[in-house]
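Colleague: Residues per chain, in single letters:
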Amino acid sequence: MGGLLRDRRAQLLLLLAPGVGYLLVFFGGPLLSALIGSFRQDDGSFTLVFYERIFTRASMMRGLSTSIYYGVMPVIVSLAASVPLALLIRRSFFGRKLFSGLYKLPMAVPGIIVGLMVIVVFERGGFLDRLVAPLGLGLPKLVRDDWGIGVILASVWKQVPFMTLIITSAFAAIPEDIRNAARTLGASRLKTFFIVEVPLAMPGITAAILLTFIGSMGSYAIPDIVGPPTARPLSVLMVKEFNQGRFNQVYAMGMVLSLFAVSVLLLYYSLTSRIGTGQNRGDAS
Amino acid sequence: MSTKFLAAAALALAAMAAPCLAADSNMKNLDFDLSKVTRENFYDIVVPAAKAEGSVTMYNFAGSFADTWKELITRFEAKYGIKVAYSDVKGDQANQQLIAVQAAGQDSPVDAYFAGGGSYPLLSSKGVVGNISLTSILPNMANYDPELAKTVFGKPHGGSFPLVHLNQTAIGYDSAFVKAEDVPKSFEELLAWAEKNPKRLGVTLPAKGGSGGGFIYSVALNYLSGDCRKQLTDYNQTLQQAEDWAMQSKCLDPVWDYYRRLLAVAELTNGNADTLNLINNQQLYMGTVWEDQVMTFLGTKQLPDSFRLTLLEKGQVGSGDAMFVPANAKHVAAALLLIDMAISKEFQLWKLETKASRSPRTDVTNDLMPKAVQEHVLPQSVYPRLSLPAFWDMSTALAEALDEKVLNQ
Amino acid sequence: MSELEICNITKDYGPSRALHPVSIAVERGEFVTILGPSGCGKSTLLRILTGITQPSGGEIHLGGKRIDQAPPEARDVAMVFQSYALFPHMSVAGNLAFGLKMKKVRKDERARRMAHALEICNLAGLVDRMPRQLSGGQQQRVALARAIVMQPSLLLFDEPLSNLDAKLRDTLRHELTELHRRIGATSLYVTHDQAEAMAMSDRIVVMNEGRVVETGTPLELYRAPKHVFTATFLGQTNLLPVVARGAEAQLPWGQSVALDAPATGDIQVSVRPENIDICADEAGSGTVCAVSFMGANALYTVEIGGRRIRVSQSGVEHLIETGRRVTLQFPGPVHRLNGTTAQEAA
Amino acid sequence: MNALAIETASMPRRRVFTPEDRILVTIGLYGALILAIAVPLALMFLWSIADGWSPPLIVPKDYTTARWAGILGDGSLIRATVNSILIAVVVTVLTAAIALPTAWAMARFPFRLKRLVEIFILAPVIIPGLVVAVGIGQVFLLFGLAYSVTGVILVQIVGTLPLMIRLMTATLETIPDDLIHAARSLGAGTVGIVLHIILPLAVPGLLAGGLMSFIGSFEEFDKSFIVGAPVVETLPIKLYMYLDPYSMQLPLASIVSFILLLPALVVFIVAGRILRDDLMAAGMGKI
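Residue numbers (my numbering), protein chains in the order written: chain A, 1 to 285; chain B, 1 to 409; chain C, 1 to 346; chain D, 1 to 287.
Relax, there's no trap hidden among the hints.
Each computed DMTMM-like pair below joins lysine to aspartate or glutamate, with the alpha-carbon atoms no more than 20 Å apart:
hint : chain 1 : residue 1 : chain 2 : residue 2
1    : B       : 405       : A       : 52
2    : B       : 355       : D       : 51
3    : B       : 301       : D       : 51
4    : B       : 126       : A       : 43
5    : C       : 226       : C       : 266
6    : A       : 97        : D       : 21
7    : B       : 405       : A       : 146
8    : B       : 301       : B       : 375
9    : B       : 83        : B       : 31
10   : B       : 126       : A       : 42
11   : B       : 199       : A       : 145
12   : B       : 70        : D       : 74
13   : B       : 90        : D       : 74
14   : D       : 114       : A       : 7
Restraint ranges, calculated between C-beta atoms of paired labels, are given here:
hint : chain 1 : residue 1 : chain 2 : residue 2 : range
15   : D       : 270       : B       : 240       : 51 to 57 Å
16   : A       : 139       : D       : 270       : 34 to 40 Å
17   : C       : 193       : D       : 174       : 28 to 34 Å
18   : C       : 306       : A       : 199       : 47 to 53 Å
19   : D       : 174       : C       : 23        : 34 to 40 Å
20   : D       : 194       : A       : 29        : 25 to 31 Å
21   : D       : 24        : A       : 187       : 23 to 29 Å
22   : C       : 193       : A       : 199       : 35 to 41 Å
23   : A       : 187       : C       : 195       : 38 to 44 Å
24   : A       : 199       : C       : 232       : 41 to 47 Å
25   : A       : 187       : D       : 150       : 55 to 61 Å
26   : C       : 107       : D       : 150       : 43 to 49 Å
27   : A       : 199       : D       : 113       : 26 to 32 Å
28   : D       : 61        : B       : 41        : 55 to 61 Å
The hints are simulated quantities; they were obtained by calculation from the structure and are not laboratory data. Backbone N, C-alpha and C define an ideal beta-carbon position, used for all residues, glycine too.
Please work from the sequences and hints to get the whole structure.
Modeller: Pasting the structure below:
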């Protein structure tokens, strides 16, 4: 026993076992059965028909591109909001502690409630419309609009705190000395920011971008409630298929969505060539 | 004395007959002889068995029905002393749950399930519906609509899937904005009105709400004739067959043309409630609606008092929701008793008055409603004259084809 | 038998060998320093002694008991870490009490030992502070107190002063020596700082590339190192190839000097800068290339015979300017080195 | 206390501001916060008590508490809430217990394929929950775990585990090796080290991960429903019916949203003092 525990390989496996083992059984297993299911007819024979439907039907193809659109747009808008917010939060201001607790609230709000909020505020003839109506103004359509602006707004609302949190920390992790060094070497505050701080914070920022992208792309409730009825993302179509009991179709669509997310991840890894070892952390001795 | 004896006999019989009963029906947990039950001896056999079971689990798929069933349960528990374990569920997910349970060969977690009428084809094809001819053995179903007693939206169900609530899709409008003489009477007039009042007509996306699904099937019924109509109303088709036909048939071209013209001037909405909210916000003046949901929204002041309903000539589809005993339920007798009470005249009348929930009983009619309520429901001039039975599988197929042929082109 | 006996300890990391057989003996109460450049294996040896790292071969005996297979917690060894490794979630008292609690020392005994350790480490007023509320020097003393409160058979120090600034390092060095004298614990001290090693140790073990180069008192190692490595690592020196003829030898530029040990043929000698005298002399064969005035002495770099020789002159009143011609004189015999190879001589 | 010190330590020098600057930043940030979060919440609250709210009314004219009373008066709601809390507590504790050893391995052992294991741990976040839920639902039926509290707990952990492992990994990475070595040489065995050194130092991560797990479990719907409903009733299972997107009634949905959001609101107002931002970021924002 003692010898076994001394063996670092055995230790490693023993330590990994609870978490990874749990996920293997309760996540990997079901996932595998879903993968197999996506290739099976009801009678058990092999088929590609569920994938074929995804790539031949107009609504599905549009769903795929809509999913990507709903993944990309919120990232861009969130980024534009989060970076300035992160820079502001670094400053000292009154009630900073309270603020840093409160601004994270949206992270814990379920998507369906976010959708409800958008309707309550932006629905045509709703609160904002009534507010500006006496001024003779009309709001653009933000719920069910063809460009999915309402969806993007809602996703951004949900994602900005997450992104801000990560970007704030990414900037905070840069030693003050490096910033000062850049300034003494003649870089202006703006140049220091773009040439020194942004590249150093980049790993954190890209991670935030990727996770936000995956999160928005897979979200179901928000596009279902505030998105246009015509262009529905794959996630919404998937729930529709589930409701009709076509599990195998659900599996196939889930696989396509996951595959897309995972390949974006892998692309990121190959670009940063960090896959494989992970020797960068942990002390060997 | 005789009741007690009968009950004992029934239990003894059940104990002996259980294995063979399980073989010829899909109710393996029977503790009484179901095959011996008739309308006449129903209470004699079922009441003692139900009391022996002691409790019954009920699902309700419709959020708006929670208080309705609470009333039923209060009455039921008071009368029989049998505890009801009641749950509100999401219909689609509960259906999938029961399908999964059935596929795994386990006991049903629910004994009486109030489910969407449109879910019968799915549930029955997966063997979830218990093979019990409720409509021929429940005493309170003696006055049941004979058509509905055998079929549900064209599908024969052998009495196992009786509707206990009927509802009707309709065209709703705010009479403050739509003058009485402008109220459309046909699909053509509706289109004309929409073209004259762009973006003031709300059409629920068929995939996202029954008022839209009912509407697309109504449009198809309106425009198709001859062989095409025969195909459209052939209830023997499976969902897959209906989809294939809807995807390919030239018959439906007028429907697609109608939708193309309609959607150019109408607002496509994300659900039944979405349409009603927009009407309340005075963004829309007219839309596709459910009659009973309108009642609910009026009751909570989410619609203006000036809201009115109508049906278009050639008819719009009506639907209904059923209460059935799922296969391999554990408390069958109590479930039968509960369903029997749900369809009783007193309860159906109460439900009609408070919820505008129409009854499948032939002896519960519109004129029993209070005058104040009648203003907000479909007038007698159109209902039930223009009510057509829904065919939800076809409606689903049309909705999918609409997706491919109109919405995503 | 010595208190601590390290016999032929080796450590391999895969194919590479971090420690060649290493043997060191430390007497009871002795303060021994292991000195070497970073990467010489001294820290690995220390970790093997604590039991954090397992040796690949060899034996360790402490107080007559073999301990190399025992887990760290079962060894009677305490260590002062380079990073101090104070438990950040425990107060000073908590840090001190930790080991005693682990070893299940009785409560009254615990209090007595802690009071003693706090007193000798000058920590009396800081018992309730958390580590982050302490200065670097205070943290260092807590780390020390935490180790000595265990009253271990062997006290290990892993470069404990390297994180402090120069002045504090000096003070603490003295305190440490003083402390050692008072508690008299057998101590093994690891450092790469030769001044520290010489100032504190009873004996120094010089290590390089996973091997013990040589062992001796600071004085022996400084004055008469056997190896080039020791000569160069401890203080400054001039290494010169000479041709020996018995008690005398000829320097590369022809000058003759006395040898401290007779030899013949090509050998290498080590001459400390302070053992060379420098005289301004227009006819001298050397030229001053650089001068730096250090206060107590002046350091010259002299070019002579194509070599650069370093010379230290103490008690100077005026400096010889660069460019001036000088002669060098060797008042005492120069030190002959062992193990000279042609390569090292070059 | 600990968090406080580290937070200030991580931002040693801030640029010097004039008081006017501070006031502007304060007003700007809190203004944005009010517009983005408080106003929608306030509007939802108005909807929940409005008795009719149609144009051109900017705020409702009549109010009613009948709907609140109706929903809160449902006795089974209390039972569902108690269920939810109990399940959330068990899920949180189990998640932490399962995550700790694995996080330790991820934080402190170098090994080949570590990146791969990291992706696998992240996978439940990437793969659409519905796919997993349907798959698990069917597997649980075979094991007899369906419709049991055990089943619901097991399935919820799949959702809470990834974040907990990542947060714990980030926390454990910050514990210096020397502390462990020091503890060992002071006589602490494995149990002593875990109890006296690792667990106390992992508290910030456990707090962050625990709070997120608690909220995650308390609000989880899809997986719990497929595995547990209606035998096991949690608060979301009870309430999501009112949030059916296609027939959602704004007043009822608003009430339900508030009930569901309450724990999250409390946590995040308290969280400013407990949660360590750098940890949260390290745990969540690293791929």
